[in-house]
Structures are given as C-alpha cells and as structure tokens.
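There are 2 protein chains.
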Amino acid sequence: MAVTPLYKQFADQLAASIRDGVLRPGERIASVRIASQQHKVSVTTVVRAYELLESRGIIESQPQSGYFVREQPEAPPKPALRTTSREDHPAWQESTEVDVSRLVLATLKTIQQDGTVPLGSPYPNPALFPSHRLAQYAGRIARHASQSSVFDDLPPGHPELLRQIARRYLENGLKVDPEEIVITVGATEAINLCLQAVARPGDTIAVETPTFYAMLHAIERLGMRALEIPTDPQRGIDVGALEERMKTQAIAACMVMPNFQNPLGFQMPDSEKERLVRLAEQHQMPVIENAVYSELYYGNAHPSSLKNYDRDGLVLHCSSFSKSLTSAYRIGWAMPGRYRAQVEKLKFLNTLATPTAPQRAIAEYLTQGGYERHLRRVRRAFAQQRDMMRHFVLRFFPAGTQVSEPQGGYVLWVELPQGVDAMELYRRSLALGITVAPGRIFAATNRYSHFIRLNYSYAWSKETEQALKLVGKLVEELAG
Amino acid sequence: MAVTPLYKQFADQLAASIRDGVLRPGERIASVRIASQQHKVSVTTVVRAYELLESRGIIESQPQSGYFVREQPEAPPKPALRTTSREDHPAWQESTEVDVSRLVLATLKTIQQDGTVPLGSPYPNPALFPSHRLAQYAGRIARHASQSSVFDDLPPGHPELLRQIARRYLENGLKVDPEEIVITVGATEAINLCLQAVARPGDTIAVETPTFYAMLHAIERLGMRALEIPTDPQRGIDVGALEERMKTQAIAACMVMPNFQNPLGFQMPDSEKERLVRLAEQHQMPVIENAVYSELYYGNAHPSSLKNYDRDGLVLHCSSFSKSLTSAYRIGWAMPGRYRAQVEKLKFLNTLATPTAPQRAIAEYLTQGGYERHLRRVRRAFAQQRDMMRHFVLRFFPAGTQVSEPQGGYVLWVELPQGVDAMELYRRSLALGITVAPGRIFAATNRYSHFIRLNYSYAWSKETEQALKLVGKLVEELAG
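Protein chains in written order, with UniProt numbering: chain A, 1 to 480; chain B, 1 to 480.
Just chain A, same shape as in the assembly (with noise of 0.2 Å):
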C-alpha cells in the first residue's frame, strides 16, 4: 500500500474544502501557528503543505498577512448548496412507496429556484407583502435589541404580541384573553405541538379529504393514524359521517381547517362549525382548528372561528401570520382551550422560544395601524384572480376538468379528466420551469391521482396565461 505523506494529505484536504467552497477564493486561511494547533500537525508539516498548495496554485502568500485562497477560474467551484439533492428531489421516482413529505419539500424547493412559475406553491406571493414597512420596523428592532437575550420572550412569547393578537381576535367578534395564546414557529410548530397535547401514537385522528398535508405529516410522525372523513367541496367536512364513524370507532381528535380549506377553498357555514363543536363537546374530542387562512375572505365580514363556538375549550385554534403578512419571519400561534399548559410546555421543549425579534417586528407592525387596509387590498386581489385562474383554467385545459369555487384563500382545486396521472403532469410541467402541486401529497393513499392544486396568489401575466396554456397541453397529451 502506498504511503501519503502527513503534509500531502493535509494540503489534500485543504485542496478540497476549497473545491467545496468552503474556503473562497480571496479568503485567509489559517496561520502556520494556528493551523498547526489545530490540526495537531507539526509546523514543517504545514509549512510542506502550504509550498505544496501554493506550488499547484490554488493559494498565495502575501507579504505581512499570510495565505490566501486564489481565484481557480479552470475549475469552477460547484454551488455551496444544491437547490434540490439527490435524497430530496426525486426520491418518488426510484420507490414505489412515496414519501410524500419529502415530496411536499422537493416541490417547494423547485418554487425556490429562479424563473419557475410557482402554480404550485403553498405560500401567498411576498409581493403583496407590507414588507417594506415591515422590514422598516425590524430594522430598527434588531438595531436597538442589542443585549437581547432568549429570556425575553419565553413561552408563551412576547406579551406585546399576545395582546395584539387578542385584539384582532376581538375586533373580528371573537373573545380572547392574551393568557390563551401561546407563539410557535409558523403554524407547523403549533399544529404538532397540539396534535402531541391531545393525542398518543396509535390514536386515530379525523380529518378532512383531501387534507393539508402538514396535518398528515404531523399524524404519521407522531405515531398516529389519520382517519379521512368524507369532505364536502362546499361545506366541509360531513359531520353527520364523523358522528357514524364515532359510534363504531375510538376517535382521539379531529383536525379541521373551516374556512378556506387547503386544497378545496370551502367556508363550512355557521351552522356545520356549530355542529361540529356540539359533537365534540358530547364526546369530549378535541378538534385542531387550522385557521391560516381565515383572514383571507372575499366575503364582507370575517367568517367566525370553530373557537367562537368553544363553550368547554375544546377547540385548539391554530394559526400563523405567514399567509397574510409575511412567511419570511414564521411566526404563528396556538389557542389552545383547555390544553393550554400543555402546549406551552411542550413548546418550550420543543423549541425553547421563538425568536425575539421577529415577534416584535410584528407587534409593532400591528400596533401602528394598517393590518386590516392591507387585507383588504389582498382579498380583492385575490378574488379577481380567482376569477382569472378558473376562467383559464377551464379555457386551456381539456373538457372534464373540473375547478373549485374557493370563498378564501388563493388556491384552486383542479380534477383533471380520469386517467389523467397527476404525478407525471408534475414531472413534465417541472421539466417547462412550471410547478404545480399533484394530488397525492393532499391524502394517504394514492385517490387523487387525476387532482392538482393551483396557486392564483401572484398577479396575473402573460407568463401565468402561457404557463396555463403549457399545463393544458400536458394534460390533454396526458388524457390521450
């Protein structure tokens, strides 16, 4: 076996952390003092490896300061970061069991990368944003948050904050005390933590279908069974089934999203969020209501809440600021009735706290003024585009598509005509620059092969028009 000398292999891996990109041309390298420490290699080991790296070209010395990276313009260092990898892209293709998690990260990644239409992104295009004034406020939030420190805010989070958001609450009919709210990290972190304060793994959880999968992933990781319970595109879930199922079946919690579901659009009237609370109560089930979308109505008054129906607090409201005002800074809450101390506490292990700062860029934005006139703007911007995405939709793409009628939010459920294999009207869609969201990742089995989801959040372009246009292509070669 051939021997690599000691200063070889060291310049080697000197050699490769530059290739990596972990050292930049133009940077300083450590000292032959400091490296020699470090390394726990002699000086003249260094030194050897230093001549020898210099000698091939890839640092230089500088008289007075030491060791540079030089520019390598023969070859040029990969990216610091892939934007999909092999184990979260299409990871799908090569197993016949999809992982739909990692399916769900891969499509939001592919929104990530530079001149893809995003048609299948969860998120609200940023450009309706208030992110200048936003950003105004966090700036002059983390300038004088010096000395700031992680007791400042832990759980239940900053009290400035709590209390705006109770505000809100109250100005749209719903009574809450800041002592109920507790601050997550996006509603991802509140729907887990609530999901783990009610139920064990193996308890069987209700949900809608189709479903946000976030709700999904939260069921299977934390051990538990997702239930799906037959869902009307209307009006929600169908209580009176749920009820059926509970007679024969043990019914841990159930995990709703009433106003502006994703994937479907529905508002579930009054009367079904009622019911639906009444039913808990009689069997004390818990019911995880997802609320991120409540602020994004078209009607003229903000529909009410599971929670406003709560008399025993059994409803554990879960939301966030990500889809009305920014995603950037994840921060959302959680309500949680009767299950408050729980979550709290589970928040603090699972997080400790949630940023400082963030949280009061957005107490301040909330209490300057101007929340409500922003969404005001946004909802009238989305309705109108609710109207383009459908009238488009249902002009490009073959007859038999079907499209919803959301009240809310910015997303359009899509049935394609049957046969249609939404997973491959992915791929081929992906492979024009165009995302969508395929059907699969809205349930846990495979039944909404022939469905995509659609956002109609960005304002409306030639490009979106084109995209449309392109998909429809697909899915009529696809519908053969």
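For the record, the hints were derived by calculation from the structure and aren't laboratory data.
Treat the hints with caution; some may be incorrect.
As the list claims (entries may be wrong) - In silico DSSO-like pairs for lysine-lysine, Cα to Cα no more than 30 Å straight-line:
| # | chain 1 | residue 1 | chain 2 | residue 2 |
| --- | --- | --- | --- | --- |
| 1 | A | Lys109 | A | Lys473 |
| 2 | B | Lys109 | B | Lys473 |
| 3 | A | Lys40 | B | Lys175 |
| 4 | B | Lys40 | A | Lys175 |
| 5 | B | Lys8 | A | Lys175 |
| 6 | A | Lys462 | A | Lys473 |
| 7 | A | Lys8 | A | Lys247 |
| 8 | B | Lys40 | B | Lys8 |
| 9 | A | Lys109 | A | Lys462 |
| 10 | A | Lys8 | B | Lys175 |
| 11 | B | Lys175 | A | Lys109 |
| 12 | A | Lys40 | A | Lys8 |
| 13 | A | Lys175 | B | Lys109 |
| 14 | B | Lys473 | B | Lys8 |
| 15 | B | Lys109 | B | Lys469 |
| 16 | B | Lys473 | B | Lys462 |
Guided by the hints, dock chain B onto chain A, whose structure is given.
Coordinates of chain B only, in the frame set by chain A:
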C-alpha cells in the same frame, strides 16, 4: 332566571376586554357599523352598549373619530401577562410527582424578573455578546429583506450560514462539508430531531448522570427511556460501564456532552472520546453529541469533538450560537452524519423552516470576522470568574461543600453537605431574589437532592458576593 339583555351582554364583554388589557386606554374601538357586522348584532344593540359603557366612564366618543377607551385610574389594569403563572410556577410544590420540565421553565422565568440574581441561569451573561455589531447587521439585513419569503431558506438553511459554520469547524480542525449541516431553532430543536431520527418510542437511550435536562426532556417526550450511566466529574461518561450495560441491554442511542458538560464542566480526554466512538462503531449505535459549550474552552486549543473520530457517520453533532454569540436569535444546527436526510425531513415537518433574518445576520457577522477575538475575551472572563466563584462558594458555604473544576463553559456544580434539601434552598433563595438551579432537574430521579448548579458568566460584583453569602447562610440553616 334573570335575562341579561343583548346590549348589556355585549357591553360587559367589551368592558372585560378593556379590564384584561386587550384594549388599552386611548385606543379606538370598532365603529358601530363594523362592530355590528363582526359580532352579528344589530346596530341598535351596539349603540346601546356603547352608550352604557360611555355612561360608566369606560369609553368616550370623540366627534368625527369614533369611540375610544378612557383612562381608568381607579382600576389599574392587571399586567398583560404574568411572568410566572399558576401552572408554570410552583406546581411542583403541590404535587409529589415533580414535573421537571415545568420546574425548569419556572426557573427560567424567575431569571427574567428584574433584580433577580441569576445564579440559576443556564445562559451566559448577554452583556458579553457582541450585541451591538450583531444588531447592526440584523438591522441592515432586516431592512433589505423586503419580499423575503419562507422559500428563501428552506431546510437545510441559509447557504452562506452553512458555509460559515463549515469554515469555522475547519479552522478548529474538523473537515465539514456545508451540505452535512441542517439549521434548527436552537440546539433544542436539533437534539429533538436527532433523537427522533435514530430511536423509537420504548427505546432506551444512554445518558450521562447528572445530565443536561433538555436531553432528558427530549427522551421523555418521545416516549423513550433514559438509562443513566455513571459519569466522572473529570473524564465524563464511563465508557467501560456503558460497554458492560450494552452486553445485557439493547441501547438504541447514546446522548452526551463531551466538552464542558452541563452541569459538571468536564472535558472528556481525547482517548475517551475516541473510545466512545469506537464502541459506537462496534455496535453501530448512533451517538448524539451536544457541543454547545465547545467554543468556551479555557485551555490553549479548541477541544476535539466526537465528530473528529467518526468514521461511519454515527455521530449526530448538535450545536448552536446561543452560548457563544447570541441567545435571542435561536440559531442552532445539526450535523447528523448518515442520518442527515432524516433530520432534514424532520426539521421540515417540525417547524418547516428557521426564520431567515437571524440566519443571515449571523452569517454576516461570521463573514465580517471578529468571532474568534470575541470568544477569546469571553473565555478569559469565564476562566477568571470560575476562580472567583469557586473561591467564594468554598468560603461562604459550610464545611462539607464540594465544587467542580470546570474546564470550560460557565457553570459550577456544587455538592452541599448531605441532607441539605436543594429544592428547599431553591425556594428560600428565590424569596430573597436569587435563583439557583436545583439538582433535581439534572436526573430522572431525585439523586442530586443536595446539589445545585451556579452560573458564573456574569461580571463579578459586590452583589454576586452578597448573594453567595446569603445562599451560603441558607445552606447552613438547612444543614441544621
């Protein structure tokens, strides 16, 4: 039964919201029209309710602008949020079953209170952080991050931060590819995700004893069992004892803090680190390494990590900036070796993404340089303060008291004379405005009933000395 008219019910609700501090003096309340829509009551009801509240002096109308909450000098509003609540605080006093995680949260919350001497804190003095520079970067980044979106830094995280972390490891003698890293909400999330990636409910996890409570909480929360392995105050976990146990018992994973363990402060010798990793290899047992204190060494060189000896990718290395740079940003990470794909996926399911702005601010700080200089200053301060704390504990506490000799970090482990009840000491100290961390929180059982942990990261002052003297007196009383 007396019937309360609708307008009076509505007025009472609004009055309660004002009393609770949800609406504050000087704030405008909803117009009659809006309130009528939102609360689904008639305009007449709202008008009569507002008149009633006006007659009671709770609100006032201002011409052309609407109704406002009046100052209410006679009934001072209660604080918007208690700092310690009934559920959070001395719940442990009322129960024989100690809820350790609740006790920890209660301890942390007492530290928040003004004037408390934070000897029980797990966090370093924030005055030592380069907060001003960090805040400048954060401010600049926040202002320029308009239209930032959750897509910007999906797991694994912000690319430049990943690169800077990898570079820092390289400087300390560990070759890391940025792609090995997953950014998390503090090390707390990293530990939770790593544990879930490698073990299942019911599994046994080997830990040090005493051990850092967050590790015990993660084990308990996931329905696993902690197996406490004897741990030497100077050399760390007894690898031989662990090996013995593995002969008779299935151990799914091991969780340790090899450098400056909380609470013991030891640095495992390199030979022991290597021995532990080889044992893990032999049994293909994953090892979760908590490295949050590794940067805070008092010796001449950065200590090695278990990761330095890891040939098979079995070490899941977790760390954060919370102990060395800023605790308020909540930025941590995992390098999960061969479990990277699972941890990235679990991160996505747990909190979707880590907020972007704090990641970018820290990346900018690391790019601009000065971290090592800051750390040198902190290490020097901690080494001096360790000596002060040891000196005064030995001077003020009764004979029979023993103290640890930390080689890094900023906490002292104190064994009180036998029979001293550290929980009672915790309570009595708190009554004097001094927190100490009771031994109870560092084990699954009460085996450290006469131990406390003290934080020496704060600049030494007369007040510290006075506090130690008082605690020493209490110990004397309790020693009877």
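Do the hints match the structure? See the list:
A C-alpha spacing of about 25 Å is found between A/Lys109 and A/Lys473, which places the hinted pair at or below 30 Å, so the restraint holds. Using a Cα cut-off of 30 Å, the hinted pair B/Lys109 and B/Lys473 holds, with the two alpha carbons roughly 25 Å apart. Restraint check: the Cα-Cα separation between A/Lys40 and B/Lys175 comes to about 14 Å, which is no more than 30 Å; the hinted pair holds. Between B/Lys40 and A/Lys175 the CA atoms are separated by roughly 14 Å; this keeps the pair inside 30 Å, and the hint holds.
Between B/Lys8 and A/Lys175, the direct Cα distance comes to roughly 15 Å. Compliance with the 30 Å bound is thereby established for this hinted pair. Between A/Lys462 and A/Lys473 the alpha-carbon distance is near 16 Å, which keeps this suggested pair within the 30 Å criterion. For the hint linking A/Lys8 to A/Lys247, the alpha-carbon distance of about 73 Å lies beyond 30 Å, and the restraint is violated. As the CA atoms of B/Lys40 and B/Lys8 are separated by approximately 15 Å, the hinted pair is consistent with the 30 Å bound.
At most 30 Å may separate the alpha-carbon atoms for a hinted pair to count; A/Lys109 and A/Lys462 meet this at roughly 24 Å. The straight-line distance between the Cα atoms of A/Lys8 and B/Lys175 is roughly 15 Å, inside the 30 Å bound, and the hint therefore holds. The suggested pairing of B/Lys175 with A/Lys109 holds, with an alpha-carbon distance near 27 Å, which does not exceed 30 Å. A distance of roughly 15 Å separates the Cα atoms of A/Lys40 and A/Lys8; the hinted pair therefore holds under the 30 Å criterion.
Under the criterion of a C-alpha separation no larger than 30 Å, the hint pairing A/Lys175 with B/Lys109 is consistent with the structure, at around 27 Å. The hinted pair formed by B/Lys473 and B/Lys8 fails the criterion: a straight-line CA distance of about 58 Å is larger than 30 Å. With a CA separation close to 23 Å, the supplied pair B/Lys109 and B/Lys469 stays within the 30 Å bound. Proposed proximity of B/Lys473 and B/Lys462 is supported: the alpha carbons are some 16 Å apart, at most 30 Å.
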